[in-house]
Amino acid sequence: AQSVAQPEDQVNVAEGNPLTVKCTYSVSGNPYLFWYVQYPNRGLQFLLKYITGDNLVKGSYGFEAEFNKSQTSFHLKKPSALVSDSALYFCAVRANTGGFKTIFGAGTRLFVKA
Amino acid sequence: GAVVSQHPSRVICKSGTSVKIECRSLDFQATTMFWYRQFPKQSLMLMATSNEGSKATYEQGVEKDKFLINHASLTLSTLTVTSAHPEDSSFYICSALGQGGAETQYFGPGTRLLVL
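Protein sequence lines, in the order shown, are assigned to chains W and V. Position 26 of the first sequence, counting from 1, maps to 268 under this note's numbering, and the rest follow consecutively. Position 32 of the second sequence, counting from 1, maps to 105 under this note's numbering, and the rest follow consecutively.
Taking lysine-lysine pairs in the DSSO-like style, the calculated list, with each CA pair at most 27 Å apart, reads:
| hint | chain 1 | residue 1 | chain 2 | residue 2 |
| --- | --- | --- | --- | --- |
| 1 | W | K355 | W | K264 |
| 2 | W | K343 | V | K93 |
| 3 | W | K319 | W | K355 |
| 4 | W | K264 | W | K311 |
| 5 | V | K87 | V | K137 |
| 6 | W | K300 | W | K355 |
| 7 | W | K319 | W | K291 |
| 8 | W | K311 | W | K291 |
| 9 | V | K114 | W | K319 |
| 10 | V | K114 | W | K355 |
| 11 | W | K311 | W | K300 |
| 12 | W | K343 | V | K128 |
| 13 | V | K139 | V | K128 |
| 14 | W | K264 | W | K291 |
| 15 | V | K137 | W | K343 |
| 16 | V | K114 | W | K343 |
| 17 | V | K139 | V | K114 |
| 18 | W | K319 | W | K264 |
| 19 | V | K114 | W | K264 |
| 20 | W | K291 | W | K343 |
| 21 | W | K343 | V | K139 |
| 22 | W | K319 | W | K300 |
| 23 | W | K300 | W | K343 |
| 24 | V | K114 | W | K291 |
| 25 | V | K114 | V | K87 |
| 26 | V | K93 | V | K139 |
| 27 | V | K139 | V | K87 |
If you are wondering where the hints come from, they were derived from the structure by calculation, not from laboratory data.
Throw the hints in and build the complete structure from the sequences for me.
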């Protein structure tokens with residue numbers, strides 16, 4: 243069965259500092275991995291995905307994520323946080339063995355202080 | 074590109090009435106759409122997978138007779154909450170699979186339903 247864990251309910255970081263939002267996953271076979279961001283009372287916005295290829299994936303708004311197969315992780319990172327990055331971040335996984343069912347993590351709330 | 078809209082964005086209804094929520098892919102065709110429910114400060118719960126021209130596939134525990142899903146065209150899926158009750162109050166979000174490999178889901182802005 244597929245599962246996604248986001249071990250931190252909340253991450254606090256000062257503006258200008260690097261940020262990391264953690265995600266680990268469990269899936270049969272090779273995974274498709276995604277990061278989405280959600281602002282209050284809004285739907286989810288796609289940030290980036292890993293399908294295959296280079297383990298370091300670059301996405302929107304300066305975010306990037308690194309796929310680590312041995313640690314089954316896909317942590318989201320940004321070198322320099324902005325106050326406007328404050329939002330709810332979801333990691334998601336889908337098995338590439340057919341079907342389109344995507345499992346979402348519980349979400350991590352990011353607070354960036356000025 | 075890859076814009077998904079939902080209508081209405083907010084709806085308040087009386088207990089016992091039915092509410093229809095529309096989900097449209099504006100600039101692409103979506104053979105597969107998904108309906109999620111999100112409770113406050115929680116993740117998305119997949120309710121059903123909607124395939125154009127066929128019956129929706131519901132997740133375990135989701136009442137198909139209460140949450141009617143219709144995917145009549147490649148750009149429109151509807152979710153009807155029938156005989157709504159206060160416990161149905163929630164944030165409902167649809168998504169559609171993108172084109173070009175269909176790996177990425179694009180999400181609508183969500184519909185806030187409040188049942189009084």
